[in-house]
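From first to last, the protein sequence lines stand for chains P and V.
Using this note's numbering, the letters of the first sequence map in sequence onto residues 1 to 85.
Using this note's numbering, the letters of the second sequence map in sequence onto residues 1 to 122.
FYI, nobody ran anything at the bench for these hints, they're computed from the structure.
Be careful, since some hints might not be right.
As the list claims (entries may be wrong) - Sample of chain P residues at the chain V side, in silico, Cβ under 7 Å: (1) M77; (2) A78; (3) P81.
To be verified - No farther apart than 27 Å at their CA atoms in a straight line, the calculated lysine-lysine pairs in the DSSO-like style are these: (4) K53(V) with K32(P); (5) K27(V) with K92(V); (6) K57(V) with K39(P); (7) K50(P) with K21(P).
The beta-carbon is built from N, C-alpha and C at its ideal position, and this holds for glycine as well.
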Amino acid sequence: MSHAGSREGGDKRRPFFRRKKTCPFSGAGAPKIDYKDTKLLQRFISERGKIVPSRITAVSTRKQRLLAVAIKRARFMALLPYVMR
Amino acid sequence: MALYEHLLIARQDISAQQVDALATHLKTIVEGEGGKVEKQEYWGLRGLAYRIKKNRKGHYVLLNINAPSKAIVELERQNKINEDVLRYITVKVDAFEVSSNKARRDDAAKPEGETTTEEAAL
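Excised from the complex, chain P in its bound form:
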C-alpha cells in the first residue's frame, strides 16, 4: 500500500522512458499531405500496406484523417498497393 502511494507520488525512475512525440504534419516546415506524394505516404503504411495507427506514428487526429484519405486516393490511382505480400 505504501508502495502504491509512493508510485503515485510519481518521481520514481520509470523503466522505460518514452520520448514525447510530436505530430509530423504540424508546426512550421511540415510537409503537406498530398495523395500524389507517395514517398511521404509510404512512411505511414505498414509492410503489409496497411495504414499505421496514429498512436504509433504520433500523427494528430485531424491530420490522421486527412492522411487516411490521401492514402486511399493513392491506392485507387495505383500509386500505393492495397496489399503487399
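Please build the complex by placing chain V on the supplied structure of chain P, with the hints as guidance.
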C-alpha cells in the same frame, strides 16, 4: 470557377504521342465549357502498384484545371467512355501545389535511377 486537380492513368499500350493527343482533347473539352487548363504534367509510363485490366504499367497525366463544375462533369463523362483511360480522379483544391513536390514523386517513380545516382555520389 473552382480549382481541380485531375489525374488519370492511360493504358500502357498507347504511345506517348497518343497520350499527348488525349490530354489536348481533354483540354479542348474544358475550354469548350469555359474553363482553363493551368498546367499539364506528363509523369511518363509508371509501374502500377497492382494490375488494372491486365495492365502493369500506365501513363500518368496530371491536369490542373480552373473551370466551372459543368466542365468537370463533361470531362469525367468522356473519360468513362474512353477505353484508353484506366482510372481518373478529380480533386477539388484550394490552391495548386508548388512544383517542389514533383521531384519527390519522380524519385518514387524511378527507384533504379535513384540508386545509380547514389552510387555515383559514393
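Here is what the structure says about each hint:
| no. | hint | verdict |
| --- | --- | --- |
| 1 | M77 | holds, 6 Å |
| 2 | A78 | holds, 4 Å |
| 3 | P81 | holds, 4 Å |
| 4 | K53(V) with K32(P) | violated, 32 Å |
| 5 | K27(V) with K92(V) | holds, 17 Å |
| 6 | K57(V) with K39(P) | holds, 19 Å |
| 7 | K50(P) with K21(P) | holds, 21 Å |
Hint 4 alone, counting from the list given before, is not met by this structure.
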